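Listed in order, the protein sequences are those of chains A and B. Just so we're aligned, residue 148 is where the first sequence starts under the working numbering, counting upward by one. Just so we're aligned, residue 104 is where the second sequence starts under the working numbering, counting upward by one.
Simulated from the structure, these hints should not be mistaken for laboratory data. As the structure is a computational prediction, the values presented were derived from the model and not from experiment. Glycine included, C-beta positions come from ideal geometry on N, C-alpha and C. Mixed in with the good hints there might be a few duds.
Unchecked claim - Sample of chain A residues at the chain B side, in silico, Cβ under 8 Å: (1) 377; (2) 380; (3) 381; (4) 383; (5) 447; (6) 448; (7) 449; (8) 451; (9) 453; (10) 492; (11) 497; (12) 501; (13) 508.
Claimed, not checked - Straight-line Cα separation of at most 25 Å, DSS-like style, residue types lysine-lysine; simulated pairs: (14) A/500 with B/106; (15) A/378 with B/163; (16) A/448 with A/500; (17) B/194 with B/163; (18) B/152 with A/450; (19) A/378 with B/194; (20) A/384 with B/152; (21) B/194 with B/152; (22) B/194 with B/137; (23) B/137 with A/448; (24) B/120 with B/163; (25) B/106 with B/163; (26) B/194 with B/173; (27) A/381 with B/125.
Unchecked claim - So these bits of chain B aren't anywhere near chain A, every CB distance computed over 12 Å: (28) 135; (29) 154; (30) 183; (31) 203; (32) 215.
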Amino acid sequence: MIKKRIRRLPVWVWLPVTGLILGIVASLLPANVALAADPTGAETLLAEPSSALDYVWILVAAFLVFIMQAGFAMLEAGFCRAKNAVNLMMKNLMDFSIGSIAYFAVGFALMFGASKSGLIGTTGWFLTGEDYDVGRYLLFMFEVVFAATAATIVSGAVAERLKIKAYFIYSILICSVIYPIYGHWVWGGGWLSSLPFGLGHLDFAGSGVVHMVGGLVGLAGAIVLGPRIGKFTKDGKARAIPGHSLTLAALGCFLLWFGWFGFNPGSTLSAYELRMSVIAVNTNMSAAVGACAALIVVWLKTKRLDLGMAMNGAIAGLVAITAPCAWVEGWAAAVIGLIAGIIVVFGVDLFDKLGIDDPVGAVSVHGLNGMWGLLSVGLFADGTYGNYTTALPHVTGLFYGGGWDQFIAQGIGALTCAVWAFGLGFIIFKVMDKLFGIRVSPQEEIEGLDLGEHGARAYPNFPVIEDLPYD
Amino acid sequence: MRKIEAVIRPEKLPAVKAALEKFGCPGITISDVKGHGRQRGVIQQFRGKEYRIELLPKVKIELVVRNDKKLEEIISAIIENARTGEIGDGKIFIGPIENVIRIRTGERGPEAI
C-alpha cells in the first residue's frame with residue numbers, strides 16, 4: 148500500500164525530501180577541526196589587519212560578477228523572440244536563486260571542503276559549524292556568483308523550447324553536482340590541479356570551470372532538446388530566427404564586459420596581488436580584439452557589419468582570456484582574443500551545419516572558447532606569475548621555453564571537462580526527458596513560452612511583430 | 104462620397120499627411136500594415152545568417168472624400184508626396200461609400216464627413 152502511494156507521488160515532492168535528508172545528514176557530519184571559525188570577524192581582523200582590503204576587493208568583485216546575470220539575461224532576451232522573454236527572464240532569475248541555494252547547501256562544500264582523495268570536498272555543508280567564518284563566507288560570496296554564471300550560460304542554448312521545470316531541476320543539479328565537483332578538481336585542491344605536468348592544470352578565473360562547463364552542458368541540452376521549430380529547412384539548411392531586440396542584447400554585452408572586470412581581476416582573491424592590473428588589461432584587450440576579429444570575419448563572409456556576431460566575438464574574447472589572464476602579457480591577450488573571435492564565427496556555422504540549434508551561440512562562445520582559453524595557458528604563459536600567486540615557481544608555456552608540460556596539463560583538464568560536463572549534462576537532460584519530457588508542445592512553442600509556461604506576456608501593451616513565417 | 108485607401112511607405116506619412124491637411128480633409132484613419140505588391144521583400148541578417156522578409160511594414164491611410172471634384176487633386180497630392188520612384192511606393196484604391204454616420208450626433212450623409 149505504502150509502496151504504491153510513494154510511486155504515485157509527483158516528481159517534485161522528492162526535492163524537499165532530498166533537501167531534508169541532506170540537511171539531517173549535514174548536521175550529523177563531523178565539523179572540520181582545523182582553524183577556529185570566526186563568524187564575528189574580530190579575530191580575523193586582529194590576526195591580519197591588512198585583510199580588510201582583501202574583503203572589500205573580493206566582495207566588490209563578487210558584486211561585479213553578479214551583474215553578469217543581468218548581462219546574460221539581456222543578451223539572451225535580445226537574441227530571442229519577444230514571445231519567450233518572460234521565460235528567459237525567469238530562467239536567468241531562478242538559476243541564480245536556485246543555484247545560490249544549491250551551492251550554499253552542498254555545492255560549496257563539495258567544491259571547497261576538505262578534499263577526499265582529491266575527488267570531492269567533504270566539509271562545509273550549509274556553511275555552518277567551522278564554516279561559519281567570515282573568511283569562508285567571503286570565499287563563498289565570490290564563488291557562488293561564479294557557480295551561477297556557469298548555470299546561466301545554459302539558458303541560452305536551451306532557449307525557446309525547454310520546459311521551465313526542467314530548467315529548475317537542472318539548476319539544482321549543476322550547482323550542487325556538475326560544477327562543484329569539477330571545480331574541486333581544479334580549484335578545491337583536487338587531482339587536476341596536482342597533475343604532474345607543468346604546475347598542474349591551471350585555470351585562473353574559469354574558462355574551463357565556468358564557461359566550458361556551462362557551454363558543454365548547454366550543448367547537451369540543445370542536442371537532447373532538438374532544434375526549434377522552423378530553425379532548419381527540410382534539407383537541413385539553417386534559417387535565421389531574428390531576436391527581438393539588439394539593443395537589449397547590446398546592453399547585455401556591455402554588462403557582461405563590465406562584470407568580467409570583477410570576474411578576472413577578482414580571482415586574485417587578494418587585494419595585494421597587484422597582478423590584478425595586468426589581468427584587467429588582458430581582459431579588456433581580449434574582448435576588444437575578439438569583437439574586432441569577429442566583426443571582420445563576419446564582414447568578409449557576409450559583406451555586412453553584423454552586430455550580433457561582433458558582440459559574440461567580444462564575449463568570446465572574454466571567455467578565452469578567463470583562464471590565462473594572470474599569466475600572459477597584453478599583446479598575447481590580444482592574440483588570444485583574435486583567435487577567439489575567429490573561432491566563434493566559425494563555431495556558430497559549425498553547429499548550424501551539425502543541425503544543433505543554439506539560439507544565442509552559447510556553445511560557440513563559452514564551450515569552444517573555454518577550451519581555447521585553457522589551452523592558451525599552455526602556450527602563452529610567460530613565466531612572470533606563479534600558481535595563483537606572485538611566488539615561484541612561475542607558469543611558463545610553450546612559447547616561452549616551458550616546453551609542452553603545461554600544455555599537456557591544460558589538455559588533460561580540457562578533455563576531462565568536456566567529458567564530465569557534456570556527459571553529465573547529457574544524462575540529466577536525457578533522464579528528465581524520459582521522466583516527463585523536457586520539450587514544450589509544438590503549439591506552445593509557436594505561441595511562445597511566455598503564455599504557455601507563465602501565463603503572461605512580456606510586452607502586453609507594446610507592439611510586437613514576428614517577421615519570420617514558419618513553413 | 105468616395106473612399107481613398109492609400110498604402111504608402113511609413114517614412115512618407117508625415118509628408119502625405121501635411122499635404123492632405125492643405126485640402127482641409129477633416130478626418131483620416133492611419134493604420135500600420137504589412138504587405139507586398141510585386142516586390143519580393145527584403146533580405147536582412149541576424150548573427151551572420153541571412154533571412155528574407157516578405158511582408159514589409161507599410162502605412163495605410165483611409166479617408167472619405169465628400170466632394171468628388173477634389174478627388175483627383177487629393178490623389179495627385181498623395182502620389183506626389185509618397186512617390187520615391189523605387190519598387191514599394193505603394194498603391195491607392197478608390198471605392199464608393201454607401202453612407203457616413205457621425206457617432207456623436209447621429210448625422211448621416213455627406214454632412215457627417
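Here is what the structure says about each hint:
1. The criterion of a C-beta within 8 Å of any C-beta in chain B is not met by residue 377 of chain A, whose closest approach is roughly 11 Å, and the hint is violated.
2. Contact between residue 380 of chain A and chain B, as hinted, is not supported at the beta carbon level, the nearest pair being about 12 Å apart and thus beyond 8 Å.
3. For residue 381 of chain A, the suggested interface contact is broken, since its CB lies about 16 Å from the closest CB of chain B, more than 8 Å.
4. Here the hint on residue 383 of chain A is broken, as its CB sits about 14 Å from the closest CB of chain B, past 8 Å.
5. Against a cut-off of 8 Å between C-beta atoms, the interface hint on residue 447 of chain A is violated, since the closest Cβ of chain B lies about 11 Å away.
6. The interface hint given for residue 448 of chain A holds, since its Cβ lies 7 Å from the closest Cβ of chain B, which is under the 8 Å cut-off.
7. Interface restraint check for residue 449 of chain A: the shortest CB-CB distance to chain B comes to about 6 Å, inside 8 Å, so the restraint holds.
8. Checking residue 451 of chain A against chain B: minimum C-beta separation of about 5 Å stays under 8 Å; hint holds.
9. Below 8 Å, beta-carbon pairs count as interface contacts, and residue 453 of chain A has one with chain B at about 6 Å; its hint therefore holds.
10. The interface hint given for residue 492 of chain A is met, as the beta carbon of that residue sits about 7 Å from the closest beta carbon of chain B, less than 8 Å.
11. For the restraint placing residue 497 of chain A at the interface with chain B, the shortest Cβ-Cβ distance is roughly 12 Å, beyond the 8 Å limit, so the hint is violated.
12. Nearest Cβ of chain B to the Cβ of residue 501 of chain A: about 15 Å, over the 8 Å cut. The hint is violated.
13. Given the 8 Å rule on beta carbons, the hint for residue 508 of chain A holds: about 7 Å separates it from the nearest Cβ of chain B.
14. At most 25 Å may separate the alpha-carbon atoms for a hinted pair to count; residue 500 of chain A and residue 106 of chain B exceed this at roughly 53 Å.
15. For the hint pairing residue 378 of chain A with residue 163 of chain B, the CA-to-CA distance comes to about 32 Å; that exceeds 25 Å, so the pair is violated.
16. With a C-alpha separation of about 16 Å, the suggested pair residue 448 of chain A and residue 500 of chain A falls inside the 25 Å cut-off, and the hint holds.
17. For a cut-off of 25 Å, the pair hint linking residue 194 of chain B to residue 163 of chain B stands: about 10 Å separates their Cα positions.
18. Proposed proximity of residue 152 of chain B and residue 450 of chain A is supported: the alpha carbons are some 11 Å apart, at most 25 Å.
19. As the CA atoms of residue 378 of chain A and residue 194 of chain B are separated by approximately 34 Å, the hinted pair breaks the 25 Å bound.
20. Of the supplied pair hints, the one linking residue 384 of chain A and residue 152 of chain B holds, its CA atoms being roughly 11 Å apart against a limit of 25 Å.
21. At most 25 Å may separate the alpha-carbon atoms for a hinted pair to count; residue 194 of chain B and residue 152 of chain B exceed this at roughly 32 Å.
22. For the hint linking residue 194 of chain B to residue 137 of chain B, the alpha-carbon distance of about 13 Å falls within 25 Å, and the restraint holds.
23. The suggested pairing of residue 137 of chain B with residue 448 of chain A is violated, with an alpha-carbon distance near 31 Å, which exceeds 25 Å.
24. Between the alpha carbons of residue 120 of chain B and residue 163 of chain B the distance comes to roughly 12 Å, so the proposed pair stays at or under 25 Å and holds.
25. Proposed proximity of residue 106 of chain B and residue 163 of chain B is supported: the alpha carbons are some 13 Å apart, at most 25 Å.
26. Taking the CA atoms of residue 194 of chain B and residue 173 of chain B, the gap is about 19 Å. The hint holds against a cut of 25 Å.
27. The suggested pairing of residue 381 of chain A with residue 125 of chain B is violated, with an alpha-carbon distance near 54 Å, which exceeds 25 Å.
28. Interface exclusion of residue 135 of chain B from chain A breaks down, the closest Cβ pair being 8 Å apart, not more than 12 Å.
29. A beta-carbon of chain A is positioned within 12 Å of the beta-carbon of residue 154 of chain B; the least distance is around 4 Å.
30. The Cβ of residue 183 of chain B lies farther than 12 Å from every Cβ of chain A, with a closest approach of about 30 Å, so its non-interface assignment holds.
31. Residue placement check: residue 203 of chain B keeps its beta carbon more than 12 Å from all beta carbons of chain A (closest about 29 Å).
32. Even its closest Cβ contact with chain A, about 31 Å, leaves residue 215 of chain B beyond 12 Å, as expected for a residue assigned away from the interface.
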